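Participant: Please arrange chain U on chain R, whose structure you already have, making use of the hints.
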Amino acid sequence: MTRVLGWLFRGALALYPPAFRSRFGPAMTQAFDDRLIAHQAEHHRVAAWLFGARGIANTAANGLAERWSARGYRSTGDRSGNRFGTIAQDVAYAWRVIRRRPALSATAVLTLAIGTGASTAIFSLVDAALLRPLPFNKPAELVNVAQTFNGAATQVSLENLLDWKRESRTLAAITPMQAQSVNLTGVAEPDRLRGGFVTSDFFAVTRVAPAIGRPFTAADDVRGARAVGVLDHAVWQARFGGDRGILGRTITLNNTPVTVVGVMPEGFRFPYDTIEVWLPIWQFTGGLARGDRSLVAVGRLGPGVQLSHAQAELSAIAAQLADTFPDQNKGRGVQIQPYQRWLTSGIGFPLGLVFGLVLLLLVVAASNVTSLQLGASLERRTELGVRVALGASRLRLARQLLVEHGVLAMIGGAAGVGIAAALVPRAVSAAPLQIFGLDRVELDWRVLLFAFAVTVVAGLASGIVPALHWTSRDAAGRASARVTADRRITRLRSGLVVAQVALAAVLLVASGLIVQSYGALLHVDAGFDPDRVLTLEYRLPRNKYATPAAQTAFHDDVVRQVSGVPGVEIAAVARALPFSGNAGTVGTLTDPAAPDSAAQATGMNTVSEGYFAAMRIPLIAGRVFAEADQATSDRVVVVSRTFAEQAWPGVSAIGREVRFAGLAFKTRVIGVVGDVRHAGLDDGNGRAIYASNRQNPGIFMTLVARTSGDPIALNAAVRRAIWSIDADQPMWKVRTLGSLVDRSLDLERFLIGVLGLFGISALVLAGVGLSGVVAQSVGQRTREIGVRLALGATPSAAARLIVSSGLSVTAIGLVLGLPLALLVSRLMGSVLRGDGSTSVAIWLVVALVLGVTSFAACVVPARRAAAIDPARTLRN
Amino acid sequence: MTRHAREPESLLPLTAVAFEILLTLSDGDCHGYHIMQEVERRTSGAIVLHPGTLYRALARLLDEALIDERGDRPSKGDDARRRYYSLTPFGREVLGAEASRLERQVREARARRLVRREGR
Numbered sequence: 001m002t003r004v005l006g007w008l009f010r011g012a013l014a015l016y017p018p019a020f021r022s023r024f025g026p027a028m029t030q031a032f033d034d035r036l037i038a039h040q041a042e043h044h045r046v047a048a049w050l051f052g053a054r055g056i057a058n059t060a061a062n063g064l065a066e067r068w069s070a071r072g073y074r075s076t077g078d079r080s081g082n083r084f085g086t087i088a089q090d091v092a093y094a095w096r097v098i099r100r101r102p103a104l105s106a107t108a109v110l111t112l113a114i115g116t117g118a119s120t121a122i123f124s125l126v127d128a129a130l131l132r133p134l135p136f137n138k139p140a141e142l143v144n145v146a147q148t149f150n151g152a153a154t155q156v157s158l159e160n161l162l163d164w165k166r167e168s169r170t171l172a173a174i175t176p177m178q179a180q181s182v183n184l185t186g187v188a189e190p191d192r193l194r195g196g197f198v199t200s201d202f203f204a205v206t207r208v209a210p211a212i213g214r215p216f217t218a219a220d221d222v223r224g225a226r227a228v229g230v231l232d233h234a235v236w237q238a239r240f241g242g243d244r245g246i247l248g249r250t251i252t253l254n255n256t257p258v259t260v261v262g263v264m265p266e267g268f269r270f271p272y273d274t275i276e277v278w279l280p281i282w283q284f285t286g287g288l289a290r291g292d293r294s295l296v297a298v299g300r301l302g303p304g305v306q307l308s309h310a311q312a313e314l315s316a317i318a319a320q321l322a323d324t325f326p327d328q329n330k331g332r333g334v335q336i337q338p339y340q341r342w343l344t345s346g347i348g349f350p351l352g353l354v355f356g357l358v359l360l361l362l363v364v365a366a367s368n369v370t371s372l373q374l375g376a377s378l379e380r381r382t383e384l385g386v387r388v389a390l391g392a393s394r395l396r397l398a399r400q401l402l403v404e405h406g407v408l409a410m411i412g413g414a415a416g417v418g419i420a421a422a423l424v425p426r427a428v429s430a431a432p433l434q435i436f437g438l439d440r441v442e443l444d445w446r447v448l449l450f451a452f453a454v455t456v457v458a459g460l461a462s463g464i465v466p467a468l469h470w471t472s473r474d475a476a477g478r479a480s481a482r483v484t485a486d487r488r489i490t491r492l493r494s495g496l497v498v499a500q501v502a503l504a505a506v507l508l509v510a511s512g513l514i515v516q517s518y519g520a521l522l523h524v525d526a527g528f529d530p531d532r533v534l535t536l537e538y539r540l541p542r543n544k545y546a547t548p549a550a551q552t553a554f555h556d557d558v559v560r561q562v563s564g565v566p567g568v569e570i571a572a573v574a575r576a577l578p579f580s581g582n583a584g585t586v587g588t589l590t591d592p593a594a595p596d597s598a599a600q601a602t603g604m605n606t607v608s609e610g611y612f613a614a615m616r617i618p619l620i621a622g623r624v625f626a627e628a629d630q631a632t633s634d635r636v637v638v639v640s641r642t643f644a645e646q647a648w649p650g651v652s653a654i655g656r657e658v659r660f661a662g663l664a665f666k667t668r669v670i671g672v673v674g675d676v677r678h679a680g681l682d683d684g685n686g687r688a689i690y691a692s693n694r695q696n697p698g699i700f701m702t703l704v705a706r707t708s709g710d711p712i713a714l715n716a717a718v719r720r721a722i723w724s725i726d727a728d729q730p731m732w733k734v735r736t737l738g739s740l741v742d743r744s745l746d747l748e749r750f751l752i753g754v755l756g757l758f759g760i761s762a763l764v765l766a767g768v769g770l771s772g773v774v775a776q777s778v779g780q781r782t783r784e785i786g787v788r789l790a791l792g793a794t795p796s797a798a799a800r801l802i803v804s805s806g807l808s809v810t811a812i813g814l815v816l817g818l819p820l821a822l823l824v825s826r827l828m829g830s831v832l833r834g835d836g837s838t839s840v841a842i843w844l845v846v847a848l849v850l851g852v853t854s855f856a857a858c859v860v861p862a863r864r865a866a867a868i869d870p871a872r873t874l875r876n
Numbered sequence: 877m878t879r880h881a882r883e884p885e886s887l888l889p890l891t892a893v894a895f896e897i898l899l900t901l902s903d904g905d906c907h908g909y910h911i912m913q914e915v916e917r918r919t920s921g922a923i924v925l926h927p928g929t930l931y932r933a934l935a936r937l938l939d940e941a942l943i944d945e946r947g948d949r950p951s952k953g954d955d956a957r958r959r960y961y962s963l964t965p966f967g968r969e970v971l972g973a974e975a976s977r978l979e980r981q982v983r984e985a986r987a988r989r990l991v992r993r994e995g996r
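So the protein sequences, as listed, match chains R and U.
1 is the number of the first residue of the first sequence in my numbering; add one for each residue after it.
877 is the number of the first residue of the second sequence in my numbering; add one for each residue after it.
Isolated chain R (complex conformation) (with noise of 0.2 Å):
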């Protein structure tokens, strides 16, 4: 570390005049290195090296500014340590020529504020979804670890879990963490809490105890021991009222005594789901066997642990376990990647291209803003001249310009700050849910240190080019040299046009696409009718309805005293319900001679009689379950279109056998109906199967309730119909079928909402900036087009002239970003949903607008070419 500061620090000496060097360069180094190996000494790594990188910029700096006096550009009165007086006096007069002229200025501010306000915006958001790390002790040692099949990441068995925990090295600790509500009965209102299974290791992977009681120890984690549980904290303030005395006492989860030993810290939050109570995994209602992978599971890497090294101690262990238990582990792996980014799989890269696009903004911005301010600053020409020929150097009038564009980018970007301020919790709001870690946006010192930096680097990056134009030989100088000088800034004024153009095409086209795919989904048909329908869950508790028979009884009585409910029209239970996120998947054969290898992956549903008619899901041949299909008579199954034309292609389906993998018996298939998309509006895999509930039963359910009218509307009337068969039964999750559909478009509106706004703004940047380029060519060209009037051009030739010269920047800009825009929407290719994407003919409507867009700016110019007089031009 000390020697890249080192080499950097002689490398800023370079800046400073050869004699200066050669007298305190080395005192300088010496001082350097000694105050560097004193801090280093006092302070943490990270803040030496800061303390460093301070000590060189400060040493370019002045090297910079000792070059610039020694070549005599010092201004008059810039006595030693005199120079904070020159800025002010700078300052102060980029003030006033700010104000001179305010059209001008509000346009560049706000320009800028849109840039730096949309990108502060967005990097909020990925600040706290993705570069922040956790807010555990040493985050970067927590590790997800998964099972995989055939290279394919699946969930995790405990049995499994608890061999890797015996065998490993360099895991520290690992717990399961599995999600699943409980009941809390024995209360005045039945409820469920959100109960979160884990094992005592849970407390070593978060380094977390508990703010009152204990954490569970290994003692707690063996089946049968005295079942304890820890709570939440806002749980205990908002159930148990904050009493301390809760410690010891029982309350009854699932219908069972559980012991309350601790109450988390306030505000502890185990970043997977929104936990209410923390219970030892054996009180898990789901399987727990070997082969019954359901688990998430979470471990902390032992100190100075490479993740590549237990990687591959844990892959040596599963293929020892693969061995040993072949039936449940063949072929079948670990994978071990860091926390946070299992955490943010599904949500980084379309963050990450939301933030590579409004730096496309950005970047949009601040050529319009460096545009403008080169058309403005020919205006000044006099201005310039006359503080020239007064003896200012061009260093000084260099300075002068930055400091000029560093001031308007300074209010831009506070202005910008404002717009972030105000962006941000609309765009939490209407972010998809799935992004972890939104509830901890704010616009804290990292997020205004981001927009400080994109302020400086606008100011500076549109700052830079009139400063370098007006210092150069010719600029402000010789008359004969103007005519050349005004036609390079005009020449680089279309030329910033030009790649305006081209990143709103590119910004354009990703809106485009965004919205073609979800046009493309809304019209998707999900294979069934989820408007005006009721749904809610619940969990019967096992020791209560210990029998398959007591649960049918029990699902059979909530149809039944649902349907009763006034404006209900049909109603219904089933296993998982289509885009709530629960799912089965099982091995089916259709082949009665084939081997279970041979099992085809096929969606499960266990449903009741009328399921499909509450959903409107269509038959389309034989019958769906009825009454006569009870547990003791031969098992039935339903299939899907695409199961029944897969397996039985051109041939009726009814009648047939079909058999699960692992599982003795054989099931008749008794009807076939619609295709559903289960997981989402693009889920195309049709292949579906569906079990009678009496036949199959179960203690989850969803109530599917068809109504006539508004469905949220008859929820009290439902849960009072539930109730009235077991008042102690909770219920949760009640919400309508048509909220999840639409709930799973919330990231196609997320981004058409954000990428749309960056489109619009760069096309309304874009019109701006080639307005301005065209109204100064028609200046710059007023007597070539009065010549041209006088030898018989008509007015509207003139007209004509200078909208094809303004198209012609466009049509540039367009082709340069069409190579952009198609390497954008490859880029977006993982992000787009639906049935592909026909860029072209987004591509055509964008380059329609664009041109459009370029017309439109080009009137008012080409009015003010066709009213040249010719008369008055030639006299001139």
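No lab work stands behind these hints, which were simulated from the structure alone.
Be careful, since some hints might not be right.
To be verified - For each label pair, taking beta carbons as the anchor points, the in silico distance ranges come out as:
| # | chain 1 | residue 1 | chain 2 | residue 2 | range |
| --- | --- | --- | --- | --- | --- |
| 1 | R | GLU42 | U | ARG980 | 35 to 41 Å |
| 2 | U | GLU883 | R | LEU131 | 55 to 61 Å |
| 3 | R | GLY302 | U | ALA892 | 49 to 55 Å |
| 4 | R | LEU131 | U | ARG917 | 34 to 40 Å |
| 5 | U | GLU883 | R | GLU42 | 42 to 48 Å |
| 6 | U | ALA892 | R | GLY352 | 41 to 47 Å |
| 7 | U | ALA892 | R | ALA389 | 35 to 41 Å |
| 8 | U | ARG980 | R | ARG491 | 57 to 63 Å |
| 9 | R | LEU820 | U | ARG917 | 52 to 58 Å |
| 10 | U | ARG957 | R | HIS39 | 18 to 24 Å |
| 11 | R | PRO102 | U | ALA987 | 39 to 45 Å |
| 12 | U | ALA987 | R | ARG21 | 44 to 50 Å |
| 13 | U | SER920 | R | PRO102 | 41 to 47 Å |
Claimed, not checked - Covered stretches of chain R, going by a simulated chain U footprint (3 or more residues, C-beta under 8 Å):
| # | segment |
| --- | --- |
| 14 | 32-43 |
| 15 | 58-65 |
Note that the structure is a prediction, hence the values are computed from the model and not measured.
No residue lacks a Cβ here, since even glycine has one placed at the ideal position from N, Cα and C.
Facilitator: Then chain U, alone, in the frame of chain R:
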């Protein structure tokens, strides 16, 4: 040098950095690194001198003949790259003039009860 004929007041006000450097040298000759440490210590870190600022200021003070560079070095085993500086009589005058100017300002402020008592 003719510059010695100038009035010390013509160089006022001094920058904070120049004032601190002169103040440090008024205790005795020292080298650049020592000046940095001393200024930082005395101002409790309010003024942190990096090499760039320090040596540019030193160059100005040398130009104005407020300080001098010593040809000899106090001890033998010292790093040969180090340079030692001393306050010139004119520099001492300027420092005194600046201190008086500051004191007048502080007196004005005190008369308006603007001075906060530190510590205790």
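Participant: Does the Cβ-Cβ separation between GLU883(U) and LEU131(R) fall within 55 to 61 Å?
Facilitator: Between GLU883(U) and LEU131(R), where Cβ atoms are some 58 Å apart, the hint holds.
Participant: Holds or violated: the segment 32-43 of chain R covered by chain U, criterion of 3 or more residues with Cβ-Cβ distance under 8 Å?
Facilitator: It holds: at least three residues are needed, and the segment 32-43 of chain R offers 4 whose Cβ sits within less than 8 Å of chain U.
Participant: So does LEU820(R) sit 52 to 58 Å from ARG917(U), Cβ to Cβ?
Facilitator: Roughly 56 Å apart at Cβ, these two residues keep to the hinted range, so it holds.
Participant: I want to verify a distance hint. Is the separation of the beta carbons of ALA892(U) and ALA389(R) within 35 to 41 Å?
Facilitator: This hint holds: roughly 36 Å between Cβ atoms.
Participant: In this structure, is the beta-carbon distance linking GLU42(R) and ARG980(U) contained in 35 to 41 Å?
Facilitator: At roughly 39 Å between Cβ atoms, ARG980(U) and GLU42(R) fall inside 35 to 41 Å, so the hint holds.
Participant: For the segment 58-65 of chain R, do three or more residues have a beta carbon lying closer than 8 Å to a beta carbon of chain U?
Facilitator: holds (count 7)
Participant: CB of PRO102(R) to CB of ALA987(U), is that within 39 to 45 Å?
Facilitator: Since PRO102(R) and ALA987(U) have Cβ atoms about 44 Å apart, the given range 39 to 45 Å holds.
Participant: Is the hinted range of 57 to 63 Å satisfied by the C-beta distance from ARG980(U) to ARG491(R)?
Facilitator: 59 Å, holds
Participant: Take the C-beta atom of SER920(U) and the C-beta atom of PRO102(R), compute their distance, and say whether it sits inside 41 to 47 Å.
Facilitator: 45 Å, holds
Participant: Starting from the range 18 to 24 Å, see whether the pair ARG957(U) and HIS39(R) falls in it by beta-carbon distance.
Facilitator: Given about 19 Å between the Cβ atoms, the range holds.
Participant: That 44 to 50 Å hint for ALA987(U) and ARG21(R) (C-beta), does it hold up?
Facilitator: The hint (44 to 50 Å, Cβ to Cβ) holds, given that ALA987(U) and ARG21(R) are roughly 49 Å apart.
Participant: Hint says 42 to 48 Å; check whether the CB-CB distance for GLU883(U) and GLU42(R) agrees.
Facilitator: 44 Å, holds
Going through the hint list in order, the structure satisfies each hint without exception.
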